[in-house]
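Q: So you can see what is in the structure, the chains are spelled out below.
There are 2 protein chains.
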Amino acid sequence: MAKNTPDLSDHQFSGALLGGTKPFDLSRFDPAAKPFSSGDKARDKAAVEALALELDTLQNLFYADRRFKLLVVLQGTDTSGKDGTIRGVFGQMSALGVHTVGWKAPTEPERAHDYLWRIHAQVPSAGEVMIFNRSHYEDVLVPHVNGWITPEQTKQRYAHINDFERMLTETGTVLCKFLLHISKDEQRVRLQERLDDPTKNWKFATGDLEARKQWPAYQQAYSDAVNATGTPWAPWTIVPADSKTHRNLMIASVVKQAMLGMKLRYPPSDPALKNIKVV
Amino acid sequence: MAKNTPDLSDHQFSGALLGGTKPFDLSRFDPAAKPFSSGDKARDKAAVEALALELDTLQNLFYADRRFKLLVVLQGTDTSGKDGTIRGVFGQMSALGVHTVGWKAPTEPERAHDYLWRIHAQVPSAGEVMIFNRSHYEDVLVPHVNGWITPEQTKQRYAHINDFERMLTETGTVLCKFLLHISKDEQRVRLQERLDDPTKNWKFATGDLEARKQWPAYQQAYSDAVNATGTPWAPWTIVPADSKTHRNLMIASVVKQAMLGMKLRYPPSDPALKNIKVV
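Those protein sequence lines, which keep their order, are chains A and B.
So the first sequence is numbered by this note's numbering: it starts at 1 and just counts up by one.
So the second sequence is numbered by this note's numbering: it starts at 280 and just counts up by one.
You may find that some hints are simply not true.
Here's a subset of chain A near chain B, in silico, CB distances under 10 Å, partners left out [stated by the list, open to error]:
(1) Ala-64
(2) Glu-110
(3) Ala-112
The hints are simulated quantities; they were obtained by calculation from the structure and are not laboratory data.
Positions of the beta carbon are idealized from the N, C-alpha and C atoms, including for glycine.
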């Protein structure tokens, strides 16, 4: 496989609902792998910058086209690089057509509704790129790992999510779901950095250490989530993310492919406009 | 069947997805029927008033209980009595816990999203009664009858709606869907009244006459909708509605039964409260 045309099939999972395929197992993936890398870090960095500019151009056309909605879901453990992805991959796009929601624990009015209520309200409209920093998956992963919902409820919620995502894709939304995959050791380094660097202290929450204690449970929960919701209409892409440059390179490449797949074009012109004379 | 315990099974349809059951056909229903009537109009009117008060009491408990959400969907052709139902059946309930949305043609930002987006944003929260005056069904019925969507899209949307409504019911929402069924002749009388009575002119829209020309297409579309979305979790109730009193009597009775079925109770008290001394 040539480095400039990496094979995504190794890192995409859309096998949920397809009985008999090999189940997805996150532990088979090396967080330090760099399938999209040229082998040269400086060249990779330049490639990310070039891709970010290409994505900006594509987004302008996407905004004018208005036939599609693009929903990018970034999932991954604390410090896996969700914020860095938004800066590095989507940072060149115009804020006019790109929006981000950072999902936190649900508020009281949100908890008083079904868990997809707050999510649905924020899905992208035509011509809009929406990036979810965390997502509806948190509303299954966290209660599941903490035992606040039963295994039966977890299964039920993933069925709801598949239905919801299918409806979104059948009504013009393209969904790109990324699981940012880092090693436990890399997380240790990054958390320590947040503690040691006063300018990064604000990013640290004691809850992060609690979640770190649940590392094996979360890894298993990620595998389960991908198994249950990697669908033909909304596959998961597993992103080896110990290298920040590789992470951005891979995500930018996948988003670019998704946008090229839309065959974007400017909307056809109204012939009547030809007869208008501005006086 | 005794008049005071009418049999609902004749007027409820939950057979979608159950292969082999008799398909639903609206034309078999007499809009002038009064299955819930005592046979005496004055007595029926008094019964509606008593029921509206009972519903108010139930709603107080429902609000305190907070385990459920109640979504009442009122569908029916122009002049079928949706507004009158809200006044006559739900008029005694406290505005604190009862809300109404009158769904109109979607606005531009709404059209830029999937058709369930605006609906999901308005579903009831815990302890809330939400009444939809028209609903997500309009977003299939109107484009379907006017040929703006293909039969395949109509089918697809009803599948989306079934998924959506199942998710709502699996997360604590009780759904009561009413189809208000009047005759074409009764509609003529009511539309003429809106034209002849200056105090009712504001309720008349020329679009009503356009839709009246499509009467058979809409009757067929209602049958199709009930067939496709009368599910075990969200059955349709067909309400003979030529008589306004009977319409209110029947809807109030069904809503009361739904609320009684919740086995409402005040939330259990926190034992710690016993030790608090207000000084």
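Q: Are the hints correct? Go through all of them and say.
A: Against the structure, the hints:
A least Cβ separation of about 14 Å between Ala-64 of chain A and chain B goes past the 10 Å threshold, and the interface hint is therefore violated. The interface hint given for Glu-110 of chain A is met, as the beta carbon of that residue sits about 9 Å from the closest beta carbon of chain B, less than 10 Å. This hint holds: Ala-112 of chain A has a C-beta 4 Å from the nearest C-beta of chain B, less than the 10 Å allowed.
Checked against the numbered hints given earlier, the structure breaks only hint 1 and satisfies all the rest.
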